[in-house]
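> Spelled out from the first residue to the last, the chains are:
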Amino acid sequence: MRAVCLWSKEWINKVRDESRVKASMPLRQVLFLSVVFCLFGAPLYSQDYPRRIISLGPAVTEGLYLLGAEERMIANTVYCQTPQGREEKEKIGTVIRVSLERIVYLKSDLILATSLTDRAQLAALKDLKLNVVEIPTARNFQEVCLNFLELGRLIGKDDQAIKIIQQAKDEVDFIRGQTKGLAKPRVMVQIGAKPLFVATREYAVNDFVELSGGINITADLKRGIYSREEALKQNPDYIIITTMGLAGAAEKESWQRYTALDAVKNNRIYIIDSEKLCAPTPLSFVSTLREMVKTLHPDAE
Amino acid sequence: MIEARGLGCGYDSRFALKDINFKAAENELLGIIGPNGSGKTTLIRAITKIIRPQCGRILLEGEDIDGMEFGELARKMAVVSQGCDTEFDIPVEDYLLLGRIPHRKAFQFLETERDMEIIQRAMDLTDTARFRKRSLNKLSGGERQLVFIARALAQEPRLLLLDEPTNHLDIAHQVKILDLIRRLNRENKITVLIILHDLNLAGEYCDRLMLMDIGGVHKIGRPEEVLTYQNIEQVYKTIVVVEKNPVSAKPYILLVSEEERARKQSKTERSGHKNK
Amino acid sequence: MSQKTFALLAWILVLGAILIVVVLVSLSLGSVNIPLGRIVEVIFQRKGSVEHSIIFDLRMSRILLGFAVGSSLGLSGVILQGMFRNPLVEPYTLGISGGAALGVCLNIVLGVSKIGGGLSLPLSGFLGALGVILMVYFLSARKTFRIQGLLLTGVMISFIASSLIMLIMAVSRVEELQGIIFWIMGSLEESNWFLIITMLLVSLAGLLVAYLFCFDLNALALGEEEARHLGINVERTKRMLFILASLLTGCSVSVAGIIGFVGLAIPYFIRLLTGIDYRFLLIGSFLAGGAFLILCDTLARTVISPLELPVGVITGIIGGSVFVYFLHTGPQQLFRKT
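Chains as they are written, first to last, in our numbering: chain U, 74 to 374; chain A, 507 to 782; chain S, 1314 to 1651.
Since the hints were made in silico from the structure, they are not lab data.
Only a predicted model underlies this, so the values are computations on that prediction, with no experimental measurement involved.
A virtual CB, placed ideally from N, CA and C, is assigned to each residue, including glycine.
All the given hints hold, so there is nothing to weed out.
Some, not all, of what chain S presents toward chain U, calculated at C-beta under 10 Å:
{"no.": "1", "residue": "Gly1343"}
{"no.": "2", "residue": "Val1345"}
{"no.": "3", "residue": "Leu1371"}
{"no.": "4", "residue": "Ala1483"}
{"no.": "5", "residue": "Glu1488"}
{"no.": "6", "residue": "Gln1491"}
{"no.": "7", "residue": "Gly1492"}
{"no.": "8", "residue": "Phe1495"}
{"no.": "9", "residue": "Ser1500"}
{"no.": "10", "residue": "Glu1502"}
{"no.": "11", "residue": "Glu1503"}
{"no.": "12", "residue": "Arg1614"}
{"no.": "13", "residue": "Ser1618"}
{"no.": "14", "residue": "Glu1621"}
Mimicking BS3-like on lysine-lysine, the simulated pairs with C-alpha atoms at most 25 Å apart in a straight line are:
{"no.": "15", "chain 1": "U", "residue 1": "Lys267", "chain 2": "U", "residue 2": "Lys325"}
{"no.": "16", "chain 1": "U", "residue 1": "Lys257", "chain 2": "U", "residue 2": "Lys306"}
{"no.": "17", "chain 1": "A", "residue 1": "Lys611", "chain 2": "A", "residue 2": "Lys555"}
{"no.": "18", "chain 1": "A", "residue 1": "Lys639", "chain 2": "S", "residue 2": "Lys1317"}
{"no.": "19", "chain 1": "U", "residue 1": "Lys199", "chain 2": "U", "residue 2": "Lys164"}
{"no.": "20", "chain 1": "A", "residue 1": "Lys725", "chain 2": "A", "residue 2": "Lys750"}
{"no.": "21", "chain 1": "A", "residue 1": "Lys582", "chain 2": "A", "residue 2": "Lys555"}
{"no.": "22", "chain 1": "A", "residue 1": "Lys644", "chain 2": "S", "residue 2": "Lys1317"}
{"no.": "23", "chain 1": "S", "residue 1": "Lys1317", "chain 2": "A", "residue 2": "Lys611"}
Generate coordinates for the entire structure from the input sequences, incorporating the hints supplied.
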């Protein structure tokens, strides 16, 4: 167990140094967390792992499926997808509001909440002395992995988790190696319309852009509200629009009217499914990253 | 019973009443007459503390009303206003019980036996008992007016103020209501201040009259003293003839049409010439 | 009059019975249906069956809060309608809900609730409501407490508050936005028992104070001048009633968000049934408001279980439709419009 912890600590540092992405979590915090994992890892080793898990978000649900723990998941939200051919799980509400009664009735031993879970309901569940753990929304690859690791640890599938993380990490490294020498395209990622909203560094999609060798021109903004004029001034090489429901296509059309934009001239406006951009598990992160690379570097292999 | 000294009231900068002085003795039936805008209603409103006088005082049974609380006033005097609401879908009985509100004790939430007795008496006096369960808006104008008076009576007032209670009623109802008021004044010993626009009714029924003109008292006294053609012509700016009612010997006013006024005009001119 | 006493008591009993039925139904229905017989068992079982007693606990808090808020809103509505002599006035017309919503918005966006804990949100709502109440009061409190001024001021403040709220929503983040919208939509789910008990006490206190003015309200129906002739201190009464209704509304909105319609429709129906005597109207609106909200909340959490509709949606739909229906087919309004 200790070896695993040390190994994970090293690995985290390696990822950080190599990617040279400004860590959204300071090193100290990461180290602290690793220590905490280790401290609590030991006692957990001898405990029974949770057998009745309720997931309050699609990210968690996907993670559980990936770890092969779906038979232990007794309920999830209406937005959580069930893979083809698998058994449907009971639904206990939406990502933002759940039925407290139902959760209590189901007598679960682990409830996995997300950043979107209603704070008051979260507090209520804790007041009812239920075992609630919050898995915060991952804002970059590092956090996706950390979340996945934590998930694995909670349900006693550490080894599985580490294996998957390593696999994903290797693939990310490979992709990064591939794109190293290529020119860095300037990208603007639009995630909202009316008002125009772009992705700053705190959004997961930022990591996709940077890891695939691009520059997110709006990464350092404080808030994502952007003006079209500014966008025109910045003149990005690529404009990526998340689907935002049906509005994505309409937005693409409205950008195409600005023929002075490089992105319009070279027909480099792309729509990406916003579900994919949530990328909750390390593997789904990788597959989306691949797509992003293809989009930004259509000439490379 | 009620007295005004140097009373002056107004609305904003306009002065509606200037230096009013009058006294109404106990058990008196004082009629207030005067043309439109002479300040009659304003006077009533000042007495009922709806508006505050700018100067002067009003004394009720010797006490300045300024120091009195609304509740206290309501126990001593009752008002039957002009233009009372006709839209109310409230049974007469319940409406009369509203008149008992001033006499309610601190935490009393239900009507007492006495309350019911009083309103019964009020209904008997005004002959409205037969409507007790009927809704106010289902009564005729005259019947409604009786009910309004009954409600005022339910307050057990010692002073009753009425603002043109017979305006919109036919002569049968006019007489009926004024007879009632007269009876209340004589038999039940209630002092009455009544604003009337009909000078003849005023002359017939009131002990004394107060003739108002542009916010001031023109003349106050017995009907014979007040209802003279000089006074009427001065205040109302119209030519009338004053005669004596053959039955009651009270003065009554006869109106003269334009034609006749012109004829009188030329007659006096001719007699003036003769005297020369 | 013993007949009137009898009528009043009968009325209270009927409404009380309806309330009890609604409470029982509400305890029984939910994501987990517990048959009525079982409920009685559970009540006497203390901590026996943990999940049932907790459900009892979860539902009980909603029912009690629903009663407290519903009764406050019903009471506030009937008082305001009596004061304004206008059957279309409701507790939110005075802009109090706008103020509360603005307070909560600011709280969420400034992140105060993270430090303040569970009570900070209702507290900020209440402060916002109080701010509006004071503003409206002092803007209208000249020599005479002008009623028309109150209405207009309230409506204007509502508009200003909504605009400010939209401004805040435009610059806020997704999680904040969500928090704001959900608060505004109204919810009776509250786990803080201190708030629930306080709200219950506030509504009961409100009822008792209101009864001190029942005759004033009866007299006011005749018009301000007539009421004065009956010895009512109209100025003082108007001020007190305004403060009472505003506080009831302010507290309700702070704790439960914006739940409309209860204050508008319930008094109307009670008036149809009991007439215009406030001795009946006050207790009637109080009990009926509480029962109605509990009923709507029960529907809100069972109709598309496990998902939950905002309770304001149910009160609006049911209340609104029935109201419109009666407006057109039922007996004429027993109330005078000034």
